[in-house]
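There are 2 protein chains.
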Amino acid sequence: MSSFNFDSLWSEKSTDADRLITLHAKYDFAVAYPPFEEVPMYGLIDGLKSKVDANLEKVAKEMAYYPHVQGDESLREFTANKIASDRGIKTDKDSLVLCNGSGEANGLIIQALCDPGDYVITEQFVYMGTTKQLSYYNVNTIGSPMDDQGLIPEKFEETINKIKNDHGVLPKMLYTIPEHQNPTGSTLPKSRRLQIIDICHKYGIPILEDDCYVDNRFEGEAEPAFASLDDSGMVIYVGSFSKLIAPGLRLGFFTASNEVIDRALSVKVGSGPNQFAAYAIDGYLRSNLEQQKSNYDKILKEKKESMEKGLEEAFAGTKASWSSPLGGCYTWFEMTDGTNLAEVRDEVFDRGVGYIAGDMFAPNGDGQNMARLCFAFEPIEKNYEGIIELGSIFKDLNVI
Amino acid sequence: MSSFNFDSLWSEKSTDADRLITLHAKYDFAVAYPPFEEVPMYGLIDGLKSKVDANLEKVAKEMAYYPHVQGDESLREFTANKIASDRGIKTDKDSLVLCNGSGEANGLIIQALCDPGDYVITEQFVYMGTTKQLSYYNVNTIGSPMDDQGLIPEKFEETINKIKNDHGVLPKMLYTIPEHQNPTGSTLPKSRRLQIIDICHKYGIPILEDDCYVDNRFEGEAEPAFASLDDSGMVIYVGSFSKLIAPGLRLGFFTASNEVIDRALSVKVGSGPNQFAAYAIDGYLRSNLEQQKSNYDKILKEKKESMEKGLEEAFAGTKASWSSPLGGCYTWFEMTDGTNLAEVRDEVFDRGVGYIAGDMFAPNGDGQNMARLCFAFEPIEKNYEGIIELGSIFKDLNVI
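So the protein lines, in turn, are chains W and B. Each residue of the first sequence is one higher than the last, beginning at 209 in this note's numbering. Each residue of the second sequence is one higher than the last, beginning at 209 in this note's numbering.
Just chain W, same shape as in the assembly (with noise of 0.2 Å):
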């Protein structure tokens, strides 16, 4: 026990709260994690041994160097080239920012733009990761109302014109999860990009892409990332190695135009990204990216297929609705009648099933009657022996 009194010491940004343990239910799709199955451990591990085979003095001095503010040089290359390619983006190493996660460029971002005070426009159910860094800067989220084909380019209008008539000021920028949205799932057609670019224009507002889902579409294909769409410097696009090989390496990339760069990184603290890890996915995918994301798809596929078989068995004849998304780690669950999900989380729980309830994920808290469900982690059997056991909890718990 500590008899050093620290109580008048504290900041007032510090709270005395525990610490969050994340406890896993027997069947978790709660979570948001890739496929652990398909986690390359012993190609990373060749990826990595190539670097240092190649040059060993090379790497020792980088890694006996800070890494660099913007990351490994060979690493940004690789990705300025993978998302010129993949997703039309025109960009290059010098334009590409390695960051500690996704997480950190968006953190980034919203610190270069954001006041405390200041209002950002997001899905009207979105990451909760972004929601608490905008909080965490005192920042307003506002959510914008969606379909199952994610925003609505005239609501989102509407929505720019609220917080100006409310507030007097115009939003910092639209955050958006364009690409199997996280948690709905949804893909935002390049009519309604092309339509929400136009009143971004209109009302100078730009958009913080956040496509780490991309690389994970099992079937059909990508839509145009709002970055390939506008060349005005608008657009700053987020992408992420979590979900294409695993978050543990903490390790994702924003682009942008080099003034957004500049004031990012001017908002920064320390050196750039683990450069490790950085070797170690250089490496790896310089052999086997399209490999690696072909295993992926695979297997994320059948794990859809698997809950969505558990979902058609178990709420056949019920007010209950899924998305069946075309890549990503998600479905989005709902009670069409209205019936709340939040209140029996616990519960259902504490009985075996893991989920995540709507209103987590709503920045004006709906979604109460909504959930959602990550299929990616959880074995293909699991997925849907849990699914079952999901509905067998709600009809006895009277929620279907």
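It should be emphasised that the hints constitute simulated quantities derived from the structure, not laboratory data. Hints are not guaranteed to be accurate.
Which copy? The list can't say, so a pair holds if one copy fits it or any two copies do.
As the list claims (entries may be wrong) - In the DSS-like style, the derived pairs of lysine-lysine whose C-alpha atoms are separated by at most 30 Å in a straight line are: (1) Lys266 to Lys301; (2) Lys590 to Lys221; (3) Lys590 to Lys266; (4) Lys527 to Lys370; (5) Lys506 to Lys603; (6) Lys517 to Lys372; (7) Lys266 to Lys234; (8) Lys509 to Lys527; (9) Lys370 to Lys603; (10) Lys370 to Lys410; (11) Lys290 to Lys398; (12) Lys298 to Lys221; (13) Lys266 to Lys517; (14) Lys340 to Lys221; (15) Lys301 to Lys234.
Got chain W; can you put chain B on it based on the hints?
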């Protein structure tokens, strides 16, 4: 070029400063890097492989998760045992937090304790990474007088009272690098540590002990850590793998009382540090800790002696003096006649020798007649050659 107009959008916090690009002189004594010749790349790969071989499924699952907010459990356990055994610090894996470098650890503690406008005491000359962080959070840094043994306890108490008298508040903490200090290379004797602990209890000022050079002692025995001399919870202990292995791994840590850990984690955004690098460090050091220390210590000693030989040859009979540290990475060089080394720095750099002038480390801007010379990074013979070159440049510029 960007045609989208960001001018009215930037936050007050961001600046349009150019990106910092680190340039290296031919003889680079300006850096803060460990001996690259001994960075154990193959050892790290083998360490990583040993973890994967031992339990692929466990590793793959942990990589697929977002890392535990305190970082990898096994490396936490190893580190807690290491500092218990090396430094006599009573801790365990639950009271240890792995961070993205020791910089993140320091940043979390600063945020947990300091509000804008607060005061923190450091050594008179101190690691600029920490002063940059303090200034980023709008905390005032006050350097307290030191001699070749580090902080002077009586002067430290005077500094506390001066802050109290001038500003009506007590400082929020003491930040100190007591062992092989950066930049001076000094080590604080046990008797002074005990005096400082008494003073800190008297005024209720916690100590942030940054012990990141302790593994780099090549002669004699380490002084006892502040954290081992006080069991009240007043001391927060920070360490790092940057100087024991390499900064490119981006892994440091801190240990503190549970209430300090809870406060520090309450201001943290995002998950724990790189799981991939954690496996490599854990796998490697569990079999090679003593070997790794002795590899570095042997070459660091040779490098320091090579630099010292150069100093003795080049500066004999001049007004120059220098410290002869028993560990760490730096020799502290001083022109005892007050000759300004800051104003010739750029010219000397252009002629091939890099150093950092003392004023860059001084919160109050003094020390222009001093310089930090890093002997750890350049090869042994270049330490000698570069110093001979420095002497000749200084002669040419009438510095000596």
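Hint-by-hint comparison with the structure:
1. Lys266 to Lys301: within (19 Å within a copy, 35 Å between copies)
2. Lys590 to Lys221: neither (42 Å within a copy, 48 Å between copies)
3. Lys590 to Lys266: Close across copies (18 Å), not inside one copy (46 Å); limit 30 Å.
4. Lys527 to Lys370: neither (33 Å within a copy, 71 Å between copies)
5. Lys506 to Lys603: neither (33 Å within a copy, 69 Å between copies)
6. Lys517 to Lys372: neither (46 Å within a copy, 69 Å between copies)
7. Lys266 to Lys234: between (46 Å within a copy, 16 Å between copies)
8. Lys509 to Lys527: within (25 Å within a copy, 74 Å between copies)
9. Lys370 to Lys603: neither (41 Å within a copy, 70 Å between copies)
10. Lys370 to Lys410: Result: close within a single copy only, 15 Å intra versus 56 Å inter.
11. Lys290 to Lys398: within (21 Å within a copy, 56 Å between copies)
12. Lys298 to Lys221: between (40 Å within a copy, 29 Å between copies)
13. Lys266 to Lys517: Answer is between; shortest inter-copy Cα gap is 28 Å, intra-copy 52 Å.
14. Lys340 to Lys221: both (14 Å within a copy, 19 Å between copies)
15. Lys301 to Lys234: Between copies only: 26 Å across, 43 Å inside.
Against the hints set out earlier in the document, violations occur for numbers 2, 4, 5, 6 and 9.
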